[in-house]
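Given chain A, put chain B in place with the hints provided.
In order, the protein sequence lines correspond to chains A and B.
Going by UniProt numbering, the letters in the first sequence line up with residues 1 to 669, in that order.
Going by UniProt numbering, the letters in the second sequence line up with residues 1 to 669, in that order.
By construction, these hints were calculated from the structure, which means they are not laboratory data.
Any given hint could turn out to be false.
If several chains are the same, the list does not tell them apart, and a pair holds so long as it fits within one copy or across any two.
With a straight-line cut-off of 27 Å between C-alpha atoms, the simulated DSS-like cross-links for lysine-lysine are [said to hold, decoys possible]:
no.	residue 1	residue 2
1	K612	K164
2	K164	K194
3	K81	K283
4	K55	K13
5	K164	K29
6	K29	K58
7	K81	K612
8	K634	K13
9	K578	K563
10	K578	K650
11	K29	K55
12	K13	K81
13	K194	K634
14	K13	K650
Here the structure is a predicted model, which means the values were calculated and not measured.
2 protein chains.
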Amino acid sequence: MTNPLVFFAPSGKRGRFPEGTSVLEAARKLGVDLDSVCGGRGICGRCQVEVGDGKFPKLGIVSAPDHVTEWNAVEERYVSKRGPLAEGRRLGCQAKLCSDVVIDVPPDSQVHRQVVRKSAAIRDIAIEPVVALHYVEVREPDMHEPSSDFRRLQEALEQQWGLKDITAPLESLRLLQWSLRQGLWSVTVAIRHKREIVGIWPGLHEQGVGLAVDIGSTTIAAHLCDLASGEVLASSGVMNPQIRFGEDVMSRVSYVMMNPGGDVELTTAVREAIAELAVSVTKEVGLNSNDILEMTVVANPIMHHLFLGLDPTELGGAPFALTIDGAYQTRAAHLNLPLSSGAYVYVLPCIAGHVGADTAGVVLSEGPYLRPEVSLVVDVGTNAEIVLGNRERLLACSSPTGPAFEGGQISSGQRAAPGAIERVRIDPVTLEPRYKVIGSDLWSDEPGFDKAVIRTGVTGICGSGVIEAIAEMLLAGLITPDGVVDGAMATRSPRIEEDGRTFKYLIREGEPRIAITQNDVRAIQLGKAALYAGVRLLMDRYGVAAVDRITLAGAFGSHIDVKHAMILGLVPDCELDKVGSAGNAAGTGARIALLNASARTEIEDVVRRIEKVETAIEPSFQAHFVGAMAIPHKSDPFPHLEAALGVTFKRGSGDGEGGGGRERRRRRG
Amino acid sequence: MTNPLVFFAPSGKRGRFPEGTSVLEAARKLGVDLDSVCGGRGICGRCQVEVGDGKFPKLGIVSAPDHVTEWNAVEERYVSKRGPLAEGRRLGCQAKLCSDVVIDVPPDSQVHRQVVRKSAAIRDIAIEPVVALHYVEVREPDMHEPSSDFRRLQEALEQQWGLKDITAPLESLRLLQWSLRQGLWSVTVAIRHKREIVGIWPGLHEQGVGLAVDIGSTTIAAHLCDLASGEVLASSGVMNPQIRFGEDVMSRVSYVMMNPGGDVELTTAVREAIAELAVSVTKEVGLNSNDILEMTVVANPIMHHLFLGLDPTELGGAPFALTIDGAYQTRAAHLNLPLSSGAYVYVLPCIAGHVGADTAGVVLSEGPYLRPEVSLVVDVGTNAEIVLGNRERLLACSSPTGPAFEGGQISSGQRAAPGAIERVRIDPVTLEPRYKVIGSDLWSDEPGFDKAVIRTGVTGICGSGVIEAIAEMLLAGLITPDGVVDGAMATRSPRIEEDGRTFKYLIREGEPRIAITQNDVRAIQLGKAALYAGVRLLMDRYGVAAVDRITLAGAFGSHIDVKHAMILGLVPDCELDKVGSAGNAAGTGARIALLNASARTEIEDVVRRIEKVETAIEPSFQAHFVGAMAIPHKSDPFPHLEAALGVTFKRGSGDGEGGGGRERRRRRG
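Chain A with its partners taken away, still in its complex shape (with noise of 0.2 Å):
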């Protein structure tokens, strides 16, 4: 008699075994990805798989329920106290092989099971445990063959999952001798890496969380995940406590240097912060923070930095050194962080000293160095950190464009918040604007507005409704190319009106009035000439007159209209479906060097492959620069915009208040 074939799908491993050989050894022997945490005992009810029932000829193999033995006691068992298994499943450490059958393995019961993002989104996670679960029974303790604890759990760890040589951190050590006789020895560790020990419980445990986390400036988000399946388990986020030292990065810096001990002062700030998301968010799913076996960090430079514990103050000056540039890991416990007995925390390399681990997440997440079109990536902010490239070479750069964008050193701005004017549009023939307010779906020329409106009241306009309200005013005519807000336009509307020696447009009478004053398209024309300029200087750099796609990353990214930040001139020409916006990619880069290990070494070997280029030393920053204050400016074409819109756009001189204000502005957070 011959030993049954197995086929297993959707891999296409096949192999014969000896009758008797269960379906989840058969599927270790081939390298076929299915899951399990007990080791084949049953009851863990990670294994399931499908038993083809019917002919595949191509395979040669007709296959039935009854080709596996038959449901057996410890199945009995795993259904009595989980519930029934979907209809056609069977635990594969339990079905063992009679005839020649083909398994499908489900997956929810892989391994690598890909999660499902969202959003449209460029790249799946694939799951990579870097933490793994085992179940393990250990020998008891024998006077004649004296051998401690550990070493009792290192070999039924080799002989049961073929792990060797696994090392453990005290934390874990303290914990082992009380759950190896609190589970009658046995006992599930968790193992990072293949090597050591993160993570102890007595008996069975069959759920590993992890944590990433991105710290903002001005806050922090943590995302709670389970490590097997990536589902995210809760989302929290808080205001970054360290805003009590100063509200943007650089004034944190600013304080750190003045007062001795300050970064000392703003690390336990933020490690503080953390350490209560990390309870908060567990608490939601009813676990504790010490149940979280791994954490990602993404930040900025100077965040990463005072995370880290190091001292940031040459981040605030030339030559910008950061102390350190590679990704980092080290334990939770070493940064106060109330982790799992073992964990790690792993922090996303930085780039450059201005273009941080933040970007290294929004790297990773948009992948623009696995394409072959040359794609954008912007993540907008104090900063706009710029990334340019495709799969041979990618660019970095970052780029102070100023608070305007998030509503600073606007007239009427403010942060985007409810109440706040998010979308503008302007009728070119009336010159009457109508808006969006954050918080409700209507226009403000709808019926129903100002009912909607009540509870948040409309308090002031964020940087997309600004950048919506400057575009639409060009494409009014009320501004000029130069940005200048026209005076004359004032004969055709009263919303026109002398400021001073300028003018300005009126969005919204009443209390507050809202509007746009010539002192405020400057301070955008600003940002956006240093975007465009940094932009542009990549784009010389890689030797490329355009892009063949554009992401928008962060908060500011995914509220921008891609085509007003085009008319403006944010962002160069592109075909407008090919310029998206990703939503918080820097946080999605940390949960996928949560869940994938691979991930990790691809983004540090991308990290240092990627040419830095500094801005502030380059002699054609300040040309492009000027060329970007025009809008959309001076000369650069625009070919898919214009033609999308159905205008040609006039040119500007270019020759606005460009270089002056932008040493004030240089690097706030």
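For chain B alone, coordinates are given in the frame of chain A:
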């Protein structure tokens, strides 16, 4: 013209190099052991060599001082700062080859120099640095190429020292920024195992020090060593502050079992004591505790666990399961020890639940595994740890000797301290005793004795004194081979006094009266029988009837007179000149592990190979114990001893009070 030939002594390595190659460079290329911290910059002076002058016919070389380049300005600068070099010496990095030459590398210029041990030692300690110092010049930060301080340091270490992928803990990274700027882009880094930074200083730093610590139940000893020369710079000891929780280790385990959190108290106490030792011992030589780059620790299993913060409760009862037995290393900061920023603590492996890292230290120091002859190594304390074997095979056990050897449960007993009787002789004719007291070199019957002991008084008798007294009593016929103080001898000497229903022998009249009572003899018999039974168990297991060499380790072992110990039957018969004491061999083992990286893997391997014997469950232990109650032994022959003394021992029945006392005494520390 041919390239000059250089011959290095004492290594015998030779090679031809282009004219102008420095002696240091040539040495490195040939793998000659020539030290350097500054990397050939003429500032550290570690690479001093002697240039041969004369004919070397066997080598075919005529060597002369002018066969290397002339004394140069760098050497001039060096001697102006550091004082002259020894006659005939040059800096190897400055002297460059001109023609054929013989170069002698003096021992103090070798990295792997031998450390000469003071006492007659079985093996010398060779230096093989775990941590080495490297001076590097680091590129300044550059906005055109924004790599971090750490990356530029890594590059410098690779280029200047061939050290790749060096890592650093956050603590060192914190110091890096400051050190680079303070040192004008030159720093010295201490690198551990050619991998990881554990210390950093601006500019050149020449001395690396480490600490070897022996945590005893009673005292903690620390030796500060120069990591390059091996020299002990300072030694210091303190009482183990855990004594306030219990005199012996078992009472400390009881404390932990009875008091929740007691383990943390005990852990904190021992770590604080070590921290204070680290501070005081470095202060003594003008250093700071954070100059300590590496620490090694030996300790018995309970001290080992408490030091590492592991619950020792399991070690309080069968099956005496250790939490870990392998060597363990972790950062000093992790143990709250104030050493260098990245310093590690390496703890030697434990052998079994009663045979700890201290015994591993003894084994490393005494090296029984290196020799063909069968050695017995005994570390006598409240428990005796016994190691038997040779390079083929090594066995170990622990035997519960009880407190008698340390003066406990002895009527006039005391610890070995000034005032204690440590030597006793009894005239076999007059039956009069004479004795020596710790603190004086005079015998009690010598002139001036009374004056010599005025300061200390005569306060009691310590373990070695009791052993000598009982051995002498046997030789004088005052006790029978069964250990009965012979009342009949009262007719011959007034020093034999009635003591209830038994008799005692008076060693000293006056205050305090010091006598050896029948109970004292019994206590010593129980202890020595336990020890001897353990030894015999190992000899049986090994299959030898006699041992070739005996070493007594530990404080007690170094005070004991080997002949008297053998008369008592503490150890088996052996050629007397093959019996010796090793002093604090455990501490020496810690020192070896501190100075020599290979010694660590060596002892780890040896310990794993040691066969552990658990006396408590060996059926033959009891029989051996009973036989060993007699003095010297009921039946075992002592031919070497008898020949040396010119006597033939009578044999006792060995049925004194054997087994009963044993369980009471198990496992005190």
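Going through the hints against the structure:
Taking CA atoms no more than 27 Å apart as the test, K612 paired with K164 passes between copies only; the shortest distance there is 24 Å, against 41 Å inside one copy. Taking CA atoms no more than 27 Å apart as the test, K164 paired with K194 passes in both settings, with 8 Å inside one copy and 24 Å between copies. Taking CA atoms no more than 27 Å apart as the test, K81 paired with K283 passes inside one copy only; the shortest distance there is 25 Å, against 64 Å between copies. In this assembly of identical chains, K55 and K13 lie within 27 Å of each other by CA distance solely inside one copy; the values are 18 Å within and 75 Å between copies.
Taking the shortest Cα distances, K164 and K29 sit within 27 Å of each other inside one copy (18 Å), while across copies they are farther apart (37 Å). Within a single copy, K29 and K58 get their C-alpha atoms as close as 23 Å, which meets the 27 Å cut-off; across copies the closest is 64 Å, which misses it. Taking the shortest alpha-carbon separations for K81 and K612, neither the intra-copy value of 57 Å nor the inter-copy value of 44 Å comes in at or below 27 Å. In this assembly of identical chains, the alpha carbons of K634 and K13 never lie at most 27 Å apart, being 60 Å within a copy and 73 Å across copies at closest.
In this assembly of identical chains, the alpha carbons of K578 and K563 lie at most 27 Å apart only when taken from the same copy (11 Å versus 95 Å across copies). Within a single copy, K578 and K650 get their C-alpha atoms as close as 24 Å, which meets the 27 Å cut-off; across copies the closest is 105 Å, which misses it. Taking the shortest alpha-carbon separations for K29 and K55, only the intra-copy value of 25 Å comes in at or below 27 Å, while the best inter-copy value is 70 Å. Proximity of K13 and K81 under a CA criterion of 27 Å is satisfied in neither setting, with 32 Å inside one chain copy and 73 Å between copies.
In this homomeric assembly, K194 and K634 never come within 27 Å of each other (Cα to Cα): the closest approach is 57 Å inside a single copy and 57 Å across copies. Within a single copy, K13 and K650 get their C-alpha atoms no closer than 63 Å, and across copies no closer than 81 Å, so neither meets the 27 Å cut-off.
Hint compliance for this structure: hints 7, 8, 12, 13, 14 are not met, and every other hint is.
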